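Spelled out from the first residue to the last, the chains are:
Number of protein chains: 2
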Amino acid sequence: MQIKHTPSHQQNIEKPENWREYPYPFVTAQVDKSLFPIAAWRECSRQALSLNAMADWTEDRMGTDDPFLVEQIRTRLLPTRGIHASEDEILVTAGAQNSLYMLARLFLNNNTLFGIENPGYPDLRNIIQMIGSRIRCLELDEYGLIPDQQLDDCNMITVTPSHQFPTTVTMPLNRRKELLEKAEHNNMVIIEDDYEPELNFQGSPTPAIKSLDQTGRVIYVGSLSKSFFPGLRLGYLVGPAHIIREARALGRLIHRHTPTNNQRTMALFLALGHHDALRKRLRKIYKSRWLEMKNALTNASLNFQYATGGSSFWVKGPDQLDSKKLLQQALNLGVVVELGSIYYSNALPKKQYFRVGYAAIEKENISEGINHLKMAIDSTLRL
Amino acid sequence: MQIKHTPSHQQNIEKPENWREYPYPFVTAQVDKSLFPIAAWRECSRQALSLNAMADWTEDRMGTDDPFLVEQIRTRLLPTRGIHASEDEILVTAGAQNSLYMLARLFLNNNTLFGIENPGYPDLRNIIQMIGSRIRCLELDEYGLIPDQQLDDCNMITVTPSHQFPTTVTMPLNRRKELLEKAEHNNMVIIEDDYEPELNFQGSPTPAIKSLDQTGRVIYVGSLSKSFFPGLRLGYLVGPAHIIREARALGRLIHRHTPTNNQRTMALFLALGHHDALRKRLRKIYKSRWLEMKNALTNASLNFQYATGGSSFWVKGPDQLDSKKLLQQALNLGVVVELGSIYYSNALPKKQYFRVGYAAIEKENISEGINHLKMAIDSTLRL
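Chains as they are written, first to last, in our numbering: chain A, 1 to 383; chain B, 384 to 766.
If you are wondering where the hints come from, they were derived from the structure by calculation, not from laboratory data. Please note: incorrect hints may appear among the correct ones.
Calculated lysine-lysine pairs in the DSS-like style (CA-CA distance at most 27 Å, straight line) [said to hold, decoys possible]:
| # | chain 1 | residue 1 | chain 2 | residue 2 |
| --- | --- | --- | --- | --- |
| 1 | A | K4 | B | K416 |
| 2 | A | K294 | A | K325 |
| 3 | B | K746 | B | K398 |
| 4 | B | K757 | B | K746 |
| 5 | B | K746 | B | K667 |
| 6 | B | K565 | A | K4 |
| 7 | A | K182 | B | K387 |
| 8 | A | K351 | A | K15 |
| 9 | B | K387 | B | K416 |
All values derive from a computational prediction rather than experimental measurement.
Could you build all of it, start to finish, from the sequences and the hints given here?
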């Protein structure tokens with residue numbers, strides 16, 4: 001009896017396990033622990049542990065979510081993205097990864113054609129490859145996914161319009177409308193992975209594609225904890241009720257539901273205004289780091305993708321740079337960056353790209369870190 | 384674009400949503416809230432929220448589990464089942480359901496033959512049907528699964544030897560050995576779902592099949608929170624390192640990992656001895672309820688499966704009873720029981736069986752509840 005899948009052989013975003021020990025950790029998907037809202041989180045945990053609250057959440061809810069959390073998502077979070085949904089159109093999930101997994105399982109099989117952004121999110125590509133759906137790599141420009149004939153025949157696509165993952169560009173409203181029209185014309189489902197909508201540092205945020213959707217073909221993927229507590233694994237899906245019903249039934253088979261105590265703690269965190277306050281605080285801190293990053297990259301003459309926000313920069317090294325070699329040279333100088341080629345789904349990924357995050361590095365270390373990165377690039381080119 | 388699966392149409396164990404409002408809730412998979420170890424759990428949550436502890440668990444661990452929790456499982460729980468495992472042979476999961484889902488996904492496709500106990504666990508059958516593997520319904524007797532030629536050609540089977548789900552019978556040591564030999568001979572993988580091993584009220588517990596396994600073909604499914612806090616969704620898998628590695632990689636795609644705060648709180652709950660104390664306390668309370676149940680069922684001349692423990696009874700009504708009709712009659716008299724036919728995988732399930740749990744009903748209400756159940760049976764037969 002042989003195992004049928006070996007997902008451990010798939011390519012993933014990697015970082016040194018001891019990345020926190022490096023002086024210049026330009027990693028992504030991790031956060032600065034000093035920004036964790038410890039007092040507020042403790043208070044919400046304490047309240048969730050009160051006898052009254054516990055009576056609500058100690059039982060196995062089978063398939064249903066904490067109505068208190070659903071209400072907070074519905075009335076506090078979704079309106080900021082222009083989305084109006086009823087309770088039966090919302091499902092609490094174990095984060096965006098879990099949302100993407102469930103949608104892929106519900107909609108794809110080996111007869112479907114799934115369009116993914118290229119470059120895009122590797123662990124989504126990994127899911128699709130495991131399921132066996134055909135994949136089409138979709139081209140991007142400085143406004144994100146291009147809604148042209150490349151979408152023809154796709155049954156489903158994912159898109160990261162707030163900040164394209166990993167290039168960080170924002171899709172303008174007009175293009176969102178074009179994309180939606182194309183989807184309606186092609187009878188295609190759009191998964192809108194609304195990655196980092198709050199990290200927009202110039203201009204005002206653009207409404208979600210979901211907010212424009214009149215025909216129920218956009219399924220919205222949101223995160224609850226990514227920006228401050230990624231280990232909590234909480235997110236949500238918004239879509240037509242009949243699809244949410246199936247996603248809920250599938251979730252029941254996969255994991256029943258997300259832990260009831262965390263659902264309640266997060267509901268309190270939202271209801272008491274802590275989430276809002278934290279978002280504002282993080283936005284301010286991240287904006288000042290982001291500006292520092294832009295200056296440092298510009299001063300180091302590094303060629304980065306212009307964008308209005310996001311928690312990382314997508315940097316194009318000199319044409320002859322092999323970013324795989326750069327990674328090691330950078331580590332030698334105390335700098336952690338991420339390989340760019342991992343985000344490409346085609347056979348010949350662009351080797352000169354890499355990704356530089358700033359959510360886990362303090363502002364005062366950014367400029368020196370980028371200088372060290374520049375030195376690492378120079379020494380890689382001399383190899 | 385059509386959805387490919389409609390898991391909401393699958394058959395499931397159902398109970399009235401307001402079951403707590405009935406005077407005689409003989410439900411299963413739910414617990415008596417008054418037994419929740421509130422002070423101990425609060426203390427562990429508080430400790431997990433200390434600055435030092437939080438530094439460990441606020442980050443996204445990607446694929447790795449809390450080493451503290453793994454160590455507690457390895458050194459406190461597994462030895463009580465005769466199992467010795469190293470750290471890389473253990474994976475923390477979102478409960479037994481999540482463990483079964485991951486194993487099914489790793490090992491099955493539409494060419495495999497999967498053997499399930501009949502009667503058995505409906506939400507496992509639902510997973511297998513969704514994956515599209517062929518299913519063989521396996522016969523049981525009063526010692527559980529029969530390890531004869533019915534296992535031939537099966538690539539993988541699941542078995543609940545501690546207390547067969549739902550009949551509650553315990554598989555004796557000799558049969559466990561026979562089953563393992565058969566599996567070796569057939570090159571078959573056994574999933575050992577070690578359901579309620581601690582709820583044995585007569586004689587001493589039998590070692591897990593996994594403890595006898597020399598060839599790495601048994602994968603052990605354990606639960607951490609089912610008995611006191613099913614909404615927490617925490618469990619674990621034990622198997623050969625190369626399989627655990629793949630299950631971990633699959634888990635990364637499905638949900639990354641279980642929430643880090645809950646992993647740490649549970650680790651403390653184990654390390655500080657609360658889990659042990661609770662288990663002893665529950666065992667004592669459940670034993671007295673179990674004896675009360677046995678007496679009440681005997682006094683009511685109800686024919687139940689003889690067993691040495693488990694948190695429910697498997698009752699065979701009179702041959703002409705339709706337990707679907709009984710359910711409604713029982714509700715009218717304030718009694719909640721569970722349909723038996725749902726556990727059968729074949730086309731003609733035995734209609735006269737039903738399941739009676741006692742984990743959510745207090746001892747003093749048992750006898751009266753069973754009397755009311757008896758009345759409901761009589762009135763169903765008169766319909």
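Item checked: Hints not upheld, ascending by number -> 1 and 9
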